[in-house]
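Which chain is which? The protein sequence lines are A and B, in order.
FYI, the numbering used here numbers position 148 of the first sequence as 148, with every residue one higher than the one before it.
FYI, the numbering used here numbers position 20 of the second sequence as 20, with every residue one higher than the one before it.
Treat the hints with care, since some could be wrong.
Pairs involving identical chains hold if they fit within one copy or between any two copies, as the list cannot separate such chains.
As the list claims (entries may be wrong) - Below, computed lysine-lysine pairings styled on DSSO-like, alpha-carbon distance capped at 30 Å:
| no. | residue 1 | residue 2 |
| --- | --- | --- |
| 1 | Lys137 | Lys63 |
| 2 | Lys166 | Lys137 |
| 3 | Lys63 | Lys166 |
In case anyone wonders, no lab produced these hints; they're calculated from the structure.
Residue-level listing of the chains:
There are 2 protein chains.
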Amino acid sequence: MKSTMDTACPGARPDAMIRAEDALGAFMLDGIPLARAMAISVGAHDGESLTLHAPLGPNINDKGCAFGGSLASVMTLAGWGLVKLAADARSIACEIYVQDTLVRYLAPVWEDFHATAHLTHGDTLAGFFEALTTRGKGRVRVRSVVPLADGSAAATLDARFVALAKR
Amino acid sequence: MKSTMDTACPGARPDAMIRAEDALGAFMLDGIPLARAMAISVGAHDGESLTLHAPLGPNINDKGCAFGGSLASVMTLAGWGLVKLAADARSIACEIYVQDTLVRYLAPVWEDFHATAHLTHGDTLAGFFEALTTRGKGRVRVRSVVPLADGSAAATLDARFVALAKR
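In isolation and in its complexed conformation, chain A is listed as follows (with noise of 0.2 Å):
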């Protein structure tokens, strides 16, 4: 499911919406082989939310339930994306690198999961782009999830990005 970003683009087209979110999974796909591995695929994505999903099959592990090393990385892929959408919807040229994470693996998932990436409380992506667009240089915290279907946490990411702008 895709929904555009009205909420932070207000003035923007919903087909141009959806497009950068094609654009962002085509641009996983292509540019990270592991990306391709692990099946992700791009979802819902509301501006201060972005959620990939992947299947099961290609991300167990030795006892058949999903492998830690899928889990952080479509948990820091989801928080890596959140941030480009919101570099690309204004414009704004930079590269985008994790710095830290700090993963709790909660519980075992044995189906296909998502996770889904939201800015930490307190941080804003108008601070982010403010310091970006002003000293080259700005840093963003997320917090990603995996849920169950009860909707409890099976994982969840605690991670910072650093944004450099493209000179």
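Please build the complex by placing chain B on the supplied structure of chain A, with the hints as guidance.
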């Protein structure tokens, strides 16, 4: 390069140790599709540390350097493999899970890389296996590092693993 576990298992034959490491590699590649996608191979092992290797090619990101998810996955698997080899050498049947990880991405990696895992200072395999065999559950902390050619760290992982005895 593979080494024996003489220190940890003074009575063990070197060829049996080599088979244990080969078995670990086959176990990971057979049981974890993402390990296969990352083309991970088992390197040096002396009972107190384990090194896993990965080529850059299947592990690049959109910038052409190593994908953070690959670095985190290889560092996590190095820690998991270190604990698994130690359990296998003692014929202790258990399932080993990663509980949480803190990953710091310090510098980009532009070439084939490896991750070496050690127990965190202060933790011992003796204490871990005593808890596992007497209480059915053991916890151990591991630090993994991906070094650059100059010896500095490109990425570090501090992880906690929990092992549950199989009944």
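Can you give the numbers of the hints that this structure goes against, from lowest to highest? Checked against the structure, no hint fails, so every one of them is satisfied.
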